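As they're listed, the protein sequences go chains S and U.
Numbering follows this note's numbering, in which position 52 of the first sequence is assigned residue number 101; successive positions increment by one, without gaps.
Numbering follows this note's numbering, in which position 332 of the second sequence is assigned residue number 381; successive positions increment by one, without gaps.
Source of the hints: derived by calculation from the structure; they are not laboratory data.
In this text the structure is predicted, and so the values were computed from the model without any measurement.
Ideal placement from N, C-alpha and C gives every residue a C-beta, glycine not left out.
A couple of the hints might just be wrong.
Pair ranges (Cβ atoms, derived) [to be verified]:
id, chain 1, residue 1, chain 2, residue 2, range
1, U, Glu92, S, Leu581, 46 to 54 Å
2, U, Glu92, S, Asp248, 52 to 60 Å
3, S, Met50, U, Thr423, 50 to 58 Å
Residues from chain U that keep clear of chain S, each with C-beta distances beyond 12 Å, as calculated [said to hold, decoys possible]:
id, residue
4, Glu142
5, Ser149
6, Ala386
7, Asp578
There are 2 protein chains.
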Amino acid sequence: MRNWIVTETPFRPTQLNHLETVFTIGNGYLGVRGAFEEGYPGEQPLVLIHGLFNQPEGAEVSELAGVPAWTGLELAFDGARFRLDQGELLGYERTLDLRSGLLRRAVLWRIPGQTVLRLVFERFASLARPHILALRVQATALDGDMMIEAAGGLGDADRSHWTDIEVGRGAPQQAFLQARAAQSGYRLGMAAHFDAGPDIRPEAGSRPTFKFMARRGQTVTLTKFIAIHTSRDAARPLDAARAALGTAVDLGYDALYRESAEAWEATWHASDVEIEGDDFAQLAIRFALYHLLIAAPRDDERVSIGAKTLSGRGYKGHVFWDTELFALAPLTFTQPALARNLLMYRYHLLPGARTKAVNNGFEGAMYPWESTDTGEETTPKWGAPLPPDGRRERIWTGDREIHISADIAYAMRQYWQVSGDDDFMARYGAEVILDTAVFWGSRVEYNAAQDRYEISHVIGPDEYHEDVNNSVFTNVMARRHLQTALEILAWLERHAPAQAGALRDRLALTPARLEHWRDVIAKMYIPRDGDLLVEFDGFFDLEPVDVAAYWPRTRSLQHIYGVPATNRTQIIKQADVVMLMALLGDAFGPPEMQRANWDVYAPRCDHGSSLSAAIHGLVAARLGMSDQAYALWRQAAGVDLEDNKGNAADGAHAAAAGGLWQAIVLGFAGLRQAGDGISLTPNLPPHWRRLRFRVMHRGRLRDVTITPDGVTIA
Amino acid sequence: MRNWIVTETPFRPTQLNHLETVFTIGNGYLGVRGAFEEGYPGEQPLVLIHGLFNQPEGAEVSELAGVPAWTGLELAFDGARFRLDQGELLGYERTLDLRSGLLRRAVLWRIPGQTVLRLVFERFASLARPHILALRVQATALDGDMMIEAAGGLGDADRSHWTDIEVGRGAPQQAFLQARAAQSGYRLGMAAHFDAGPDIRPEAGSRPTFKFMARRGQTVTLTKFIAIHTSRDAARPLDAARAALGTAVDLGYDALYRESAEAWEATWHASDVEIEGDDFAQLAIRFALYHLLIAAPRDDERVSIGAKTLSGRGYKGHVFWDTELFALAPLTFTQPALARNLLMYRYHLLPGARTKAVNNGFEGAMYPWESTDTGEETTPKWGAPLPPDGRRERIWTGDREIHISADIAYAMRQYWQVSGDDDFMARYGAEVILDTAVFWGSRVEYNAAQDRYEISHVIGPDEYHEDVNNSVFTNVMARRHLQTALEILAWLERHAPAQAGALRDRLALTPARLEHWRDVIAKMYIPRDGDLLVEFDGFFDLEPVDVAAYWPRTRSLQHIYGVPATNRTQIIKQADVVMLMALLGDAFGPPEMQRANWDVYAPRCDHGSSLSAAIHGLVAARLGMSDQAYALWRQAAGVDLEDNKGNAADGAHAAAAGGLWQAIVLGFAGLRQAGDGISLTPNLPPHWRRLRFRVMHRGRLRDVTITPDGVTIA
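Bound conformation, chain S alone:
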């Protein structure tokens, strides 16, 4: 079990909210932050279910509506309420077993009177039964008899989201809740079973409650099962929850856990990355994959992974390019069925993207920068009020960060190439890629004086510059998108001519439009100065800043300089031209050209976003700078585990997690697709003795092991 366990010991109250994120459990259907059963001052408990968006009254945009925090338990011993900040905390250890998804907390606690007891809490979200959660407390009175009182209900529904709330009891050990999301109308059904073993009878009351004596040395077990359904997955959510609950109770805690642990084992068989020679890296990559795997919908192709997964309120659960260009790759390469689900989410939301295009005066499909369940643009226009005067910053990304459509096309093409899933491409992907190509055809601006196409007033990945012309990332990705569209259409003509014909008709892919695309491809303006791409028009006229001098900073340079001043400098928020290098690989240009661009852009980067460091690490590894690559990777690996950007409390960073995997497999291992197979060009960090991972390439499982002595592919 080495390097599979994330541990907190002793209790770290100053990191309470950060660790709630770290210790999130989930199963692709929902996420449960690691708040304590008994509550704690300042806690942020949260249970989020995929797709359950709702727009509270007065809010500008919709957000994931938290459902009641089912993990709550009221425990009292000899009349004293159990809380970590009461009585005497004599010992504490919390562990998350990444391998089986089990969160466990052991507490040695002295009742404010005298008796010392040990409490062992466990919880898991079944990976085998997405609607089932289980929680268990084992309490042992160590040096005297004690009276135990325990009450375990379902928790309260947040009335800013939920209406028509109905709660009640079924059997004496059960409770239920149903509610309706006020704006979106989603219905929720939750059912709970809470018992203290076969011999203990519940008390009367509004929720399952027990009161009984435990003898010195005796261990009593309190078990809570929860079932959750929503109208997104069942016509009658409460009935479905009750039925699922019945089955779970019949199976019992141990069998449910075994079944879930087996599902985890199968998942890790495909997705685990083994690193020898670096304990932190080993734990960190598993931790990152764990958070991706609990966030990735397994049975639902109408939801996707939000920027902060289901582990926090950050970005309101909205989906960004983080998913397609950062989080997706490990799934594309190791869990293609899950990757497909995520891409299908975009397919299903084509209508929203078409609406956005129309609303902005363009043709085709223009994906929103922030996406929820509707496919509409849900980027708020205004930020939160800022001190001292409550001023709000205008948020421009929803208007201008248009590269998202090209990013989605890139991810779909990559998935198709890696998986060989022609069915997906023919039936779904092609339509997305072609209709977003239609958008680009209408979005580009012809500059007659220069006989070239330009794209003005955009935001590239470098969001420190909020209104630029000819973002080289955007222009190159748009051109490439159009090339991909033409390729896909040609492939479709051969592979599924009827489908091609239907799309030509539906999307009006006239010869004139295709000719226009070819013209755009030929004449797209790519700002450059010899080998050096120019991030956007006029970038090098901005004030240069010695970014490296601002060491060791934990705050961003944007924070240090302020937003308007940063905008006037060459400080880059995150991988931008370097992101293009990561995506294009050899197609970016010859090695000298890659190195020339790296040398200019990497030193200017603030890494003001968690998306940045791992991607830089990937590119540095490909360029053979393995020490620098490792330092960058190490920085990215601390985003959630060590909270090194100070915002992990808002939720786990899905993009950073995916970036870590990409840097390892596409960077350090140097995996490339080569014809019908794969090739590897390793540049491992010097201290890594062995790297092993699996990828599924066109239906074949490849087991890759890299050591300083060489590469083996099985």
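Based on these hints, arrange chain U on the given structure of chain S.
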């Protein structure tokens, strides 16, 4: 530089005092806690010099007298005083490079006004020049010009210790201080040089002060050199300090650092332990060795390593058995000259031990439980006042924990066997071993009814039981001590008959006395029940406690149960019979007997002392239980690095540090002396891919490498 660096990032103010201990620098002459140059609320700065004991007025015993904290610097930028809790802390990284002994702190800080600056502080205690310390600050104004004011004096002398304090300036950039320890009379001389580079002239005033402008982007360097002498090492301490300072200033910071780093390199060449496959273990063993190496006197054989080294006020700097049986072994095996210094400390203090024997009505030499510079017993009789009523606990260890004399004899014999240093044994060691044997001969009590010797009213290593009869550890060690005495005397007769004769006369080693020793050896009562040793008379009549049930505890069971209640149970504070197993090895008994004793005693141990876990790990490793051994070792490794006992703020745990090395070399590697050579019986933790260390055995350097495939000795 992998696994050589201890890092704090970001700033962890809640661990301020713990990290002052961790980041202590030193050179065997003095230790400097890692308090900040600019001060911080709640800080505990401390500079301790070996041997500089003084008994403050009203105190029960003497303690190491802290000398002025020379690390202080007053820095102001644009008129604002630099402090981490003022202005805005934008970044922070503190590193201790164990390889070269350099402590560095980088801070990115915004002046309460606007300008952002970077400060890089470095300090080291020269390992090449024990009286020299250096500190450097490099300040860079990153986004504007700024006015710098810097004042660097010597700090204030603690008036509870120091009198006749005289301070003054020499050259404009210099300051000096001399003082006399009020009770012990030691004299102190300190001289400081502080400069801001050749072009900046100091201001007038009572200490070196500079005020000047720095341009945007310019890095200014402030350098402080300190020289310290005391009347223990120079007749005229201030003159000596001034002379040393002059040389240091002439050499300059860089050359001083290089020279010190080279001395560190040579030291590590002998003492480093390399572990592959476990990053934490690698860092932890180096960290432990670093703290031992900065605490071990290099040029002084009249001082020894206190229980908390020179890194904190814990135990007042007093020397316990921690040194001989825990901290010494790594020095005995890798730095024999340093080990010899520590043993000579005991030789020089024989007069004090003789006085203690007389005062207690015994013959020979009886070493004090707590030792300072006088050799007198300096264990306080009363503990600190306890809440709520200020009651003080009587401390009995000074009266009853008499095994210390046998421990010292054990360590001297081990040093002699490992080093082959006959000169030491003949001229010094033999006298200690023989005169303490005289003590044992007078201390044992003859029980005529049973025709056996007993030792009543003692405390063994298990200090939870404060008045026991026939502590098996004590009785076995006393018997062994007498055997050693006879062996050494016989060896001396052959090797240095004149010396033997002199000792016979001086110590009155009459035939009758030697015959008495043989009788004691033959008839010493060893409480046992078959193979099972009995910790002391009546141990198994005490209340049994399921120690393992009190998991996961960070507080001791003594804390949980209370002192009197614990005394009535079989809870063991720390390795006692298991300590005997560690010391005796094969001589303890056959493997089944070792295992039988382990199975009884290990589960009863609270590990209520930092001395316990590593020794248990050592024994578990020898018994082939490598998983359990590793878990115990891991626990011991967290005592200072992770503060897992909550008391690292009081100073580094010398015994735990030595125990970590012992568990690795004598446990996991299974090193034994075999005839004139060494043998190895490895039981490595399963995940350790490679272990390498060096030992100096009888003048031959052995380079040992152990992998799962086998052992090589070069």
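Taking the hints in turn, this is what the structure says about them:
The hinted range of 46 to 54 Å is satisfied by U:Glu92 and S:Leu581, whose Cβ atoms lie roughly 50 Å apart. In this structure the hint that U:Glu92 and S:Asp248 lie 52 to 60 Å apart at CB holds, the actual value being about 57 Å. The given range of 50 to 58 Å is respected by S:Met50 and U:Thr423, whose C-beta atoms sit roughly 52 Å from each other. The Cβ of U:Glu142 does not lie farther than 12 Å from every Cβ of chain S; its closest approach is about 4 Å, which violates its non-interface assignment.
For U:Ser149, the shortest C-beta to C-beta distance to chain S comes to about 20 Å, beyond the 12 Å cut-off, and the non-interface label holds. With a least CB separation of 34 Å from chain S, U:Ala386 remains clear of the 12 Å interface cut-off, as annotated. Even its closest Cβ contact with chain S, about 26 Å, leaves U:Asp578 beyond 12 Å, as expected for a residue assigned away from the interface.
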